[in-house]
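Starting from the known structure of chain A, arrange chain B with the ligands on it as the hints suggest.
Just so you know, the sequences run in chain order A and B. Heads up: the first sequence begins at 7 in this note's numbering, then just goes up one per residue. Heads up: the second sequence begins at 155 in this note's numbering, then just goes up one per residue.
The hints are simulated quantities; they were obtained by calculation from the structure and are not laboratory data. Mixed in with the good hints, there may be bad ones.
Claimed, not checked - If you want the footprint, here are the derived chain A segments under chain B, 3+ residues with CB under 8 Å: (1) 9-17; (2) 51-61; (3) 105-116.
What the hints assert, rightly or not - Derived lysine-lysine pairs resembling BS3-like cross-links, with alpha carbons at most 30 Å apart: (4) A:K125 with B:K211; (5) B:K349 with A:K23; (6) B:K353 with A:K23.
Even glycine gets a Cβ: it sits at the ideal position worked out from N, Cα and C.
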Amino acid sequence: MRRYFLNIWEAISTIAKGMGVTLVHFTPARKSITIQYPDRTPVPVVETLPERSRGMLTFDPDVCDACSMCAMTCPIDCISIDRERVEGAKGFVLKRFDIDMAKCMYCGLCTEACPVKPKGLEHTREFEGATDRMEDLILEFIDEKKHRELVEKALKKAEKLKAAQNEE
Amino acid sequence: MPEFRTEEMVLNMGPQHPSTHGVMRFVVHTDGEVMRVAKPDVGYLHRSIEKIAEKLKYPQFMPFTDRIDYLAAMNCNMGYAMTVEKLAGIEVPPRAEYIRVIASELNRIASHLISVGVMGLELGAVTPFLHAIRERETINDLMEELCGARLTYNYIRIGGVAQDLPAGFAEKTIEFLDHFVPAVDEYNRLLSYNKIFVKRMADVAVISAENAVDYGLVGPNLRASGVKWDLRRDEPYSVYPQFEFDIPVGTGEKGQVGDCYDRYMLRIREMVESSRIIKQCLAAVPDGPVQTKLPASLKVPEGEAYVRTESVRGELGYYVISDGSDKPYRLRIRTGSFSAMSIVELTSRGLMIADLVALIGSLDVVAPEIDR
Ligand code: SF4
Ligand code: SF4
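Excised from the complex, chain B in its bound form:
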């Protein structure tokens, strides 16, 4: 019998591939159906947002923060505003703080909905995605009422928020939440407990707590590996300390701690926790102004500041250096998706090719956030 020549095959997945979230490329070295390694190649969506910041005045940069992570624009707005406020010593009125938290948590639900919907979509279940999108649509409508845009909100300002809550916003939000929490159960019946889905996700691409910390994973991906670390709780900012909410962590309910299923389920749980925060927040919003009056040309004193907030994809950090002028001297953004990409190479070793999609989906990376 002639001997079969076996050799490694190199496959390109992306840059334009329907199951990668945006434009990114994986160089997959395969041995049959099994991957030797998948190397992520990022940078296709680099828009030099950090450089743009150096050319713009502080308030002018706000719309660009929308585009760092287009699924969680509110959280990105908030992080930037907080950094400049820290550097310039600007006080935020309490009402604005509450509105910020309401908006960012709503945004967190919207983003997680996309994330869990897309996870199903990538594994071949199309219907659940439409259910998720349907719920998100209501959030988009609420956001449009609040700030006039559906995706790139540009709502939070340095020193507050752009506009007060519109009339009837609180009632509509509560109505949505009352509908949404039972809808999560429905969604679970539809997808989360589906045996085929569970089999595809459980025990796949396990990331141990040690590796998660070593590779700098943040946010839901870190917590799914069993590390209880949430900046909203561990390094509280804004008005988060006043609210009661749990930090879900991965428990390995269907497989091992830190597998794809844990990362998926964690997001479902976080949506419910976010609903709790919004409800408490709406009940506690004080009256008052929503914006501090700033000078027409905002000059920020010389110095540097780093502020990190818990965005939807984990720690979102802004580092601003000011030389005392009205433009940042340097601005640097640290995002969760970037570090999540770094662990793909390690985790992909020995996975089936089809599971790579599950891994990427469960890490919930957003391409523009990787590259900025």
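With the rest of the complex left out, here is chain A:
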């Protein structure tokens, strides 16, 4: 009989102790740690993320030298690169550079493998990639116009190089 009431008393007193902990959180000593995402944050969440945060990938065709190291490093082949040789220019020129963000697992191996500086391929902090069409997640960085531009650039570079060699 005594045990029975003791049990009840212990249950009540330990719950009260726990409630005490909860009560402390109503006092101004404990600030709320939750935020109202997405529309009521003082600054967009993206801006509060740390520097290294691995979000959507971004690509800069102007620094890339089409070595395709990134595509070879990716464990799940989400980077597709087409490149071609241009008559009169050295190396390759990019024709297609697609990243399938729907497949990507944001591991960061590709950006680590990129040998040029600044890196051609990099993570942004952007993480809000939700869309209602899968195709939207395939990022195409090179279109016809950009390709032509790259070819011209490569030719110009080669010409310059030739001119410099001739002067010597």
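Leaving out everything else, chain B with the ligands in the frame of chain A:
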């Protein structure tokens, strides 16, 4: 009076059940409220990670190790890196070793927080879970600063770690730990000493030391049964021998040694021990590089290696066979959750149905780690 026909009833718990950790199924044979036996049926989350490894180059496999145990990705990274390093004879710079230990111990705290929070949640206490998640959030933020991801870190590399510690990381970690150790006391007041919670956990699903060893339990589940076995101490690797920390074992403080409460309390104690390790580690980090330069295409000499580390769920072993090429010939992973599932059948005999949830929760199994 007509005689009541009694027969065994078979209940399916899962594969989609809110109180199993992930997708797994238990076939429960019941006699009223009491279970005759509960048979675990695993394999729903099999992703053939071991087979994938055979198709990928050694460094490329690292992100997949994250997905073996998503609550302890850092520990899984570390085990794999250590195995390949052993096989290929790669030296790790001392600074990287320290950073690895800091990261894995932080990860251990994060995982145990989920574990103890979920134990409360499964027995009907929702608030403590949110307290645990709140603390874990800070660890997630720290990890994001360290490596850029919050769950699938992919931070440890063969031959070191991906990046050096970011500026201000040590201060922030110490600030968190100073806040965290008192928060554990608060958590205890909230949940651990609650009479109702204790009654649900103490003396329930007792696993004797003998059975624990026979069934190959590892990690916290083994130690809760009173067996003092921790690879960090008994088969030291990395820089663990330099630190002072205790190995908590089950004492049967509220019931018997090896009951659910012991398994729960042990995790609470381990979090505090991990905090001690991190503090010592942060104070001792040497300067220097964090990564050994590897050849562009890493070829591993012919041979085989098995390395086991103390992950959050106990012994995590990687067995790699190399045929001298740049891909593993065979890779096998031994995980703690798998062996923990095997003892469910034995322990569930004669338990109440409601206690099955307490048993599974206290074993702290993670479904992807069972199946891989
Ligand atoms: S982040 Fe990883 S998965 Fe995504 S493209 Fe780069 S290597 Fe591939
Ligand atoms: S690794 Fe860098 S330079 Fe090479 S193709 Fe990819 S983005 Fe371009």
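Worksheet item: Which of the listed hints are not met by the structure?
Response: Failing hints: none at all.
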